[in-house]
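A.B. asks: Now for the letters of each chain:
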Amino acid sequence: MSGVLVIAEARQGVLRDVSFELITAACELEATGPVTVALIGSDSTLASQLNAAGVREVVTIASPVSEFEPHVSAAAVGALIDELSPSVVLASHTIDSIGFGAAIAAVKNTGFAADVMSVAWDGGLTVQRGVYGDKFIQSLEFPGRATVVVLVRPGAYAGAPAGGGSASIRAGAAVDASVVKSEHLGFESPEAGDVDITKSDFLLAIGRGTGVEDQSDVQPFYELAEKIGATLVSSRPLVDAGAVPAARQVGQSGKTVHPKVYLALGVSGAVQHLMGMRKADTIIAVNTDPGAPIFGIAQYGAHTDLEDVARALADAF
Amino acid sequence: MKIVVAVKAASSLDGSARIHGDVVDPSSLEWEVNEWDRFAVETALQLKEGHAGEVVVVSVGGDEVEDALLTALAMGADRAIQVNVEDEGHKLDAISTARVIAAAIEIEAPDLVLCGTQSSDGASAAVGTALAALLDMPRVAVVSSISYAGGELTVTRELEGGLLEKIRLPIPALITVQTGINEPRYANLRGIRQAGSKPRAQTTIGELGLDEDELSAGSAQLVSLASPSASAGAQILEGDGASVASQIAQIIKSKMGS
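First to last, the protein sequences are chains A and B.
Counting from 31, one number per residue, gives the positions in the first sequence under the working numbering.
Counting from 57, one number per residue, gives the positions in the second sequence under the working numbering.
Heads up, a few of these hints could be off.
[Unchecked claim] Cβ-to-Cβ under 7 Å is the rule here; a few derived chain B residues that face chain A:
(1) L69
(2) A154
(3) S180
(4) A182
(5) T185
(6) L190
(7) P194
(8) V198
(9) E214
(10) E221
(11) S275
(12) G289
(13) A298
(14) K311
[As the list claims (entries may be wrong)] Lysine-lysine pairs mimicking DSS-like chemistry, simulated, CA-CA at most 25 Å apart:
(15) A:K309 / A:K229
(16) A:K309 / B:K309
(17) A:K290 / B:K309
(18) A:K229 / A:K290
(19) A:K309 / A:K290
(20) A:K165 / A:K309
(21) B:K311 / A:K257
(22) B:K311 / A:K290
(23) B:K311 / A:K309
(24) A:K257 / A:K229
(25) A:K211 / B:K58
(26) B:K147 / A:K165
(27) A:K229 / B:K311
(28) B:K104 / B:K222
(29) B:K309 / A:K257
(30) B:K254 / B:K58
(31) B:K104 / B:K254
(32) B:K58 / B:K222
(33) B:K147 / A:K138
(34) A:K211 / A:K138
(35) A:K211 / B:K104
(36) B:K309 / A:K229
(37) B:K58 / B:K104
(38) B:K222 / A:K211
(39) A:K290 / A:K257
In short, the hints are calculated from the structure, not lab data.
This one's a predicted model, so the numbers in the text were calculated from it and none came from an experiment.
Every residue, glycine too, gets a C-beta built ideally from N, C-alpha and C.
Working from the sequences, and respecting the hints, build out all of it.
C.D. replies: Listed below in structure tokens is the structure:
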């Protein structure tokens with residue numbers, strides 16, 4: 031048992047950033063052995079990009095279908111585990127990999143950890159992951175496990191530069207058509223909405239902590255945003271509740287933004303939300319819960335009652 | 057259609073949450089039905105209302121599980137299976153939980169198994185996917201819409217950036233459900249009254265033929281639990297609402313260059 035197997039991701043013919051983040055993480059585990067990158071069911075010409083510094087081998091696996099299919103990925107990774115006996119399998123904690131990572135761990139009886147923020151190798155694997163919305167951090171080890179499947183949080187590692195490595199590239203065993211269990215019918219892009227929040231330099235974000243429950247509750251915040259010159263955005267729960275249109279959602283399933291200023295009112299800072307806004311130049315968070323994870327990435331914070339702050343803020347501009 | 061919904065009693069921390077050794081002080085935990093699972097229960101109830109059938113809810117854990125199952129029954133589920141973890145010190149991880157649920161529901165031979173995409177406390181997003189593999193059921197994870205006709209499900213998978221993927225698959229199948237797929241109903245008084253008299257089966261991990269000690273060892277070993285380092289924290293602005301607002305306004309004006 032040695033080495034690291036990285037499961038790359040592509041969508042609509044393009045490698046996803048997480049693939050290169052995984053290569054960075056894998057290189058930090060090089061003490062366990064060589065890094066192999068698997069590209070499953072994608073155009074094999076993408077393999078040259080995965081030939082990054084530190085990668086020993088890129089294996090392309092042909093799929094019977096053109097798009098991601100979780101059973102195909104599970105079968106391909108399972109076969110590679112049998113062939114390579116890697117100490118660690120690194121995939122991303124993304125929508126695609128959530129669809130097959132735990133299946134492999136359950137069937138192959140491997141060690142397993144998901145939504146992992148950091149990995150280290152010191153004679154054995156140690157990983158860190160958050161629980162309770164990252165209010166506490168677990169350190170996990172995997173004694174006695176020949177192989178550990180780890181799903182790494184997107185953005186936890188910087189992406190390795192594409193290409194420029196000295197890996198060999200080969201085709202692995204194709205996945206049989208009988209493995210396919212679901213049929214891709216098509217992609218649908220999200221509705222554009224009346225505003226492009228990615229174009230705004232100043233975003234006013236509202237979250238569950240505002241107490242907003244429906245559209246009428248949001249009106250004062252639209253007015254505040256207009257008064258202070260910001261564009262109103264929100265976290266997922268308010269979109270789920272139908273209070274705010276999906277086009278204004280920031281986060282993993284919404285938009286990724288990088289404004290100059292992100293002012294968050296009543297946003298706790300769920301991982302999926304932070305993924306969409308952590309690259310803002312300046313983050314200011316107001317939340318009465320001092321333990322809210324948003325304070326972990328904000329430069330400025332306040333624990334004051336946010337109604338008081340909101341009221342006074344309108345007059346401060 | 058026979059639908060099984062796996063429901064978790066998820067814990068949240070009250071303001072005083074502290075760590076004792078490697079565990080969160082149990083007295084600072086509050087339990088309720090995992091947010092994602094409420095959407096899964098609602099999905100099942102709507103499918104039953106449209107296509108007839110039965111909704112069975114299943115949960116694994118300690119005493120906290122009973123209330124979660126009663127909540128699902130009060131919403132409208134027909135019956136419940138409660139799998140008790142006998143040793144209070146045993147905490148099952150996601151993969152072990154999936155093994156227990158698989159053993160508990162295999163005999164039910166469901167047409168559809170629904171799980172929440174993830175839990176709010178452990179957040180591994182792993183139980184559903186592992187359970188599907190153990191039951192050898194086709195699966196789709198992170199689903200934001202679902203419809204059923206002629207033995208097939210058509211679902212929408214919600215991808216990063218709001219991109220949607222439409223997928224068709226046959227039943228039996230397992231789907232993990234995203235929040236926002238519907239509007240979970242609240243139990244009305246009649247539902248709450250009826251819940252207590254609906255069938256509730258109780259079993260243990262041992263009775264399912266599994267080894268609780270082995271399962272509690274799990275797929276990882278917890279070596280420590282800690283608070284994130286405080287150094288990463290924000291500079292806290294002090295004062296009343298007006299004072300904080302004026303400090304925020306100053307920061308914004310300087311950062312926006314106006």
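A.B. asks: Would you mind marking each hint as holding or not holding in the structure?
C.D. replies: Quick rundown of the hints versus the structure:
For the restraint placing L69 (chain B) at the interface with chain A, the shortest Cβ-Cβ distance is roughly 5 Å, inside the 7 Å limit, so the hint holds. Interface restraint check: A154 (chain B) against chain A, minimum CB-CB distance 6 Å, threshold 7 Å, status holds. This hint holds: S180 (chain B) has a C-beta 4 Å from the nearest C-beta of chain A, less than the 7 Å allowed. At its closest, the beta carbon of A182 (chain B) sits 4 Å from a beta carbon of chain A; the interface hint therefore holds under the 7 Å criterion.
A hinted interface residue such as T185 (chain B) counts as satisfied when its beta carbon comes closer than 7 Å to some beta carbon of chain A; here the least separation is about 4 Å, so the hint holds. Of the supplied interface hints, the one on L190 (chain B) holds, with its beta-carbon coming within about 5 Å of a beta-carbon of chain A, less than 7 Å. Proximity of P194 (chain B) to chain A holds as hinted, the smallest CB-CB distance being about 4 Å (cut-off 7 Å). Against a cut-off of 7 Å between C-beta atoms, the interface hint on V198 (chain B) holds, since the closest Cβ of chain A lies about 5 Å away.
Because the smallest distance between the Cβ of E214 (chain B) and any Cβ of chain A comes to about 5 Å, under 7 Å, the interface hint for this residue holds. Annotation: E221 (chain B) was flagged as interfacial toward chain A, and the flag holds, the nearest CB pair being 6 Å apart, inside 7 Å. The closest approach between the C-beta of S275 (chain B) and any C-beta of chain A is roughly 4 Å, which is under the 7 Å cut-off, so the hint is satisfied. Here the hint on G289 (chain B) is kept, as its CB sits about 5 Å from the closest CB of chain A, short of 7 Å.
Residue-level restraint check for A298 (chain B) holds (minimum Cβ-Cβ distance to chain A is 4 Å; threshold 7 Å). Checking K311 (chain B) against chain A by beta carbon gives a least distance of about 5 Å; that is within 7 Å, so the hint holds. Restraint check: the Cα-Cα separation between K309 (chain A) and K229 (chain A) comes to about 14 Å, which is no more than 25 Å; the hinted pair holds. A distance of roughly 19 Å separates the Cα atoms of K309 (chain A) and K309 (chain B); the hinted pair therefore holds under the 25 Å criterion.
Taking the CA atoms of K290 (chain A) and K309 (chain B), the gap is near 11 Å; set against the 25 Å cutoff, the hint holds. A C-alpha spacing of about 11 Å is found between K229 (chain A) and K290 (chain A), which places the hinted pair at or below 25 Å, so the restraint holds. Between K309 (chain A) and K290 (chain A) the alpha-carbon distance is near 9 Å, which keeps this suggested pair within the 25 Å criterion. The straight-line distance between the Cα atoms of K165 (chain A) and K309 (chain A) is roughly 21 Å, inside the 25 Å bound, and the hint therefore holds.
The suggested pairing of K311 (chain B) with K257 (chain A) holds, with an alpha-carbon distance near 17 Å, which does not exceed 25 Å. A threshold of 25 Å between alpha carbons decides the hint, and for K311 (chain B) with K290 (chain A) the separation of about 7 Å falls inside it, so the pair holds. For a cut-off of 25 Å, the pair hint linking K311 (chain B) to K309 (chain A) stands: about 15 Å separates their Cα positions. For the given pair, K257 (chain A) sits about 18 Å from K229 (chain A) by alpha-carbon distance, which is consistent with the 25 Å threshold.
Between the alpha carbons of K211 (chain A) and K58 (chain B) the distance comes to roughly 20 Å, so the proposed pair stays at or under 25 Å and holds. Distance hint between K147 (chain B) and K165 (chain A) is fulfilled; the C-alpha atoms sit about 19 Å from each other, no more than 25 Å. Straight-line distance between C-alpha atoms of K229 (chain A) and K311 (chain B) comes to about 17 Å, which keeps the hinted pair within the 25 Å bound. For the hint pairing K104 (chain B) with K222 (chain B), the CA-to-CA distance comes to about 22 Å; that is within 25 Å, so the pair holds.
A hinted pair counts as satisfied when its Cα atoms are at most 25 Å apart, and K309 (chain B) with K257 (chain A) qualifies at roughly 14 Å. Under the criterion of a C-alpha separation no larger than 25 Å, the hint pairing K254 (chain B) with K58 (chain B) is consistent with the structure, at around 17 Å. Only pairs whose Cα atoms come within 25 Å are accepted, and K104 (chain B) paired with K254 (chain B) is accepted, the gap being roughly 17 Å. Between K58 (chain B) and K222 (chain B) the alpha-carbon distance is near 24 Å, which keeps this suggested pair within the 25 Å criterion.
At most 25 Å may separate the alpha-carbon atoms for a hinted pair to count; K147 (chain B) and K138 (chain A) meet this at roughly 21 Å. For the given pair, K211 (chain A) sits about 20 Å from K138 (chain A) by alpha-carbon distance, which is consistent with the 25 Å threshold. In summary, the hint linking K211 (chain A) to K104 (chain B) is supported, as the alpha carbons are separated by about 24 Å, within the 25 Å threshold. With a C-alpha separation of about 19 Å, the suggested pair K309 (chain B) and K229 (chain A) falls inside the 25 Å cut-off, and the hint holds.
At most 25 Å may separate the alpha-carbon atoms for a hinted pair to count; K58 (chain B) and K104 (chain B) meet this at roughly 8 Å. Taking the CA atoms of K222 (chain B) and K211 (chain A), the gap is near 14 Å; set against the 25 Å cutoff, the hint holds. Our distance criterion of 25 Å between C-alpha atoms is met by K290 (chain A) and K257 (chain A), whose separation comes to about 18 Å.
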